[in-house]
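Asker: Now for the letters of each chain:
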Amino acid sequence: MTINGSCQQTKLLAALYLAQEQFGWLSPEAIQRVSARLNIPPGQVMSSASFYTLFKLKPQGTNVIQVCEGLSCFLVGGAEPLIEYLSSKLRIQPGETSADGLFTLEVVQCLAACGSAPAIRVNDDLYENMTLESIDDLIELLKKGGY
Amino acid sequence: MINRVLSETGVVFQPVLTKNINLEGSERIQVYLDSGGYLAAKKALAMEPAEVVNQVKRSGLRGRGGAGFPTGVKWGFMPGDASHQKVIVVNTDEGEPGTFKDREIVEQDPHQVIEGVLIAAYAVGASRAYVYIRGEFFLGVKRWIKAIADAYEFGFLGENILGSGFSLDMSVHRGAGAYICGEETAMLESLEGKRGTPRLKPPYPATKGLFGLPTLVQNIETLACIPHIIRLGPEWFAKIGTDESTGPKIFSVSGNVRNPGNFELPMGTPLREIIDVYAGGVPGGKKIKAVIPGGVSTPILPARALDVRMCFEDLAAAGSALGTGAIIVIDETHCMVEVARRVSKFFAHESCGFCTPCRIGSRRIFEILSRMENGAGRPGDIELLLELAEGIDGHTFCPMGSALVNPVRSAIKHFREEFEHHLTHKTCLVPKITEWEKEL
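Quick note, the sequences are listed as chains A and B, same order. So in our numbering, the last one in the first sequence is 147, and the numbering has no gaps at all. So in our numbering, the last one in the second sequence is 440, and the numbering has no gaps at all.
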C-alpha cells in the first residue's frame, strides 16, 4: 500500500520493536539503523519512539519490573507499598536500573488486571494478586535467571 | 477467569460472549469450530451486505468501547460504492483504568472476534483489517498471530472466503504503550507509525481514516457480539437488556469487593446486584463510599446513587455514563481527594500533549490535588479546580479533555466536605488506609 507515501512510516513501530529487541534499548545507533532501513529521517523516528512508553530510550536491566499504580491496585492496598518494598529490596528508585544490571523498576499506569490487583508486569509477563511474599519469591527466581 | 454466579433470584443468564472462555484451549480454532464457530460467517456471506447491516441495526447493538454509538448506524456511514478500498480497525487498546474485559477476549477467544470482523468487513465492503492490540498484551498478540494464521488455513481469511467471492486480509499491529491510542483517530495515526495524537474531526474515519481510506473502527467486545446477532437473530439480541441498551455486556468489577472479576450479564442489570451478588460485596463489613460505574473517565457516583441499572440511559440519567462498564468500588476507608488525585495523575501521564487545555490542565489539576492531599492546599483551590475543569471540557480535539474533568468535578460535587476538610485541617477526613489497618 503506497497511499500518501505512508508505506514505510507504517512499519515504524514494528521496526522499533525489532531494534529494541536486538539492541536492548533504542540507542542512538538503533535509531539510526531504523532510520536508514526505512528511509525515514532520524528525527521522525525519534518523534514516534519518544511518544510510546514501551520504547526505551535508555539502557534497561535484564528484568524490567513494572508496578501498576492504577486506582484499583491502590484501593486494595497495592501500588505504593509494593513500589516502596521493591525499591528498598532492589536498592533502586523507580526509573532506575540496579548496579548489577539485573533489574529496572518502573511505575506504570493501569495494566488492565484490575480484577486481580495488585498487578505487576515483568518483561512480557503479567503477575497478578501480588503480595510482599510473592514478590520475594519472584525476585529470587529472576535472580536465578528463570521464571 | 470469568466468574459465573447464580443470581439471587435463581435465574441464570447463559453467557454469550464468554461462553467458551473457560474451555480448555479456548483460543484454538478447533475449540471455536466445535462450539459452532464460523457458522454465522457462512450465514452472513450468503446474505446481501445491506441485509447484514440492517440486522445489526435492528439488534440495537451499541459500541462497547465507551461512547455507545449505535453500531449498525456507524456501519451505514461507510461509503457504499465499491470504487474505494475500505478498511476495518479492531480496537483492542484497552487501557481505561478499571477495565480488563478486552484482555480476556483477546487472550481467550480470538476467533469469536475474527468471525465478527469478517462479518463486519463483508457488510461494509472492507478488504483489509488491522487488529490494534495494546502493547502490554504480549500473550494476546502471540495468540492473535496464531489465530489469524489458522483462520487463513481454514479459509476464513484470504481470497474468496468460503467460495463467496469476498476476500479479506487481516494482520496484528502491536501498540507501544499509550492510552490515547484507544481514541479512534489516535489509533489510526499510530497504525501509520506516527505519534498517537488524535485528529480533528470531521472528517470522520468513515470518510477519511487509515491512509485516507474509509475506515470502520470498532471495539473488540462490540465485534464479539456480531456472530451471535447473525446466528441467533437481531430480535433475540434485542430482547436481552433494556430498550435502549440491548444485548449482553461484560462488566469488569474491581476495587473493594470480595470477588472481583469479569461478569457477563444482560445490559441493565442493577449496579447494586452486580456489586453485592456477583462481586460478593465489600469485604471486612465496610460500607461503600462511592462507585465509578464505567472506568475512571466516567463521573463518580456516591453510595446513595447506586440503585441504578447498568445501561446507557439510566447511568446518563444518574449523571454518569456506562463507559466501558468497568465498575470500581471504593469503600469508606478511602479519601476522595486521594482517589481524584490518583485518577488525575493517570490523565496527566496519558495526555498526548497536543491540545494545550489537556496537556497543561491535566498537569495543573494533578498538582493542585497533590498539594491538597499533602496538606499544602490553598484557600480557593476547590474553585480553581472547577475553573480549570471548565477551561478543559470541550476545548480539546478528542474526548480526553472531558474524560479527565469528570472524576474531579464529580468528586467535588458529591464529596465537597472532604476537599474542604483537606484545606482547613490539612489532613484527610478519613484515616489513611495504612493508619486504618494499624488500628485493626
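Derived from the structure by calculation, the hints contain no laboratory data. Note that this is a predicted model, so its numbers are computed, not measured. Be aware that one or more of the hints could be misleading.
[Claimed, not checked] Using 25 Å as the maximum straight-line C-alpha spacing, the simulated PhoX-like pairs for lysine-lysine come out as follows: (1) K89/A / K11/A; (2) K11/A / K146/B; (3) K194/B / K56/A.
Asker: Indicate, hint by hint, whether the structure satisfies it.
Answerer: Each hint, compared with the structure:
1. Taking the CA atoms of K89/A and K11/A, the gap is near 40 Å; set against the 25 Å cutoff, the hint is violated.
2. Between the alpha carbons of K11/A and K146/B the distance comes to roughly 20 Å, so the proposed pair stays at or under 25 Å and holds.
3. Taken as a hint, the K194/B and K56/A pair is honoured in the structure, with Cα atoms around 17 Å apart against an allowance of 25 Å.
In summary, the one numbered hint that this structure violates is 1.
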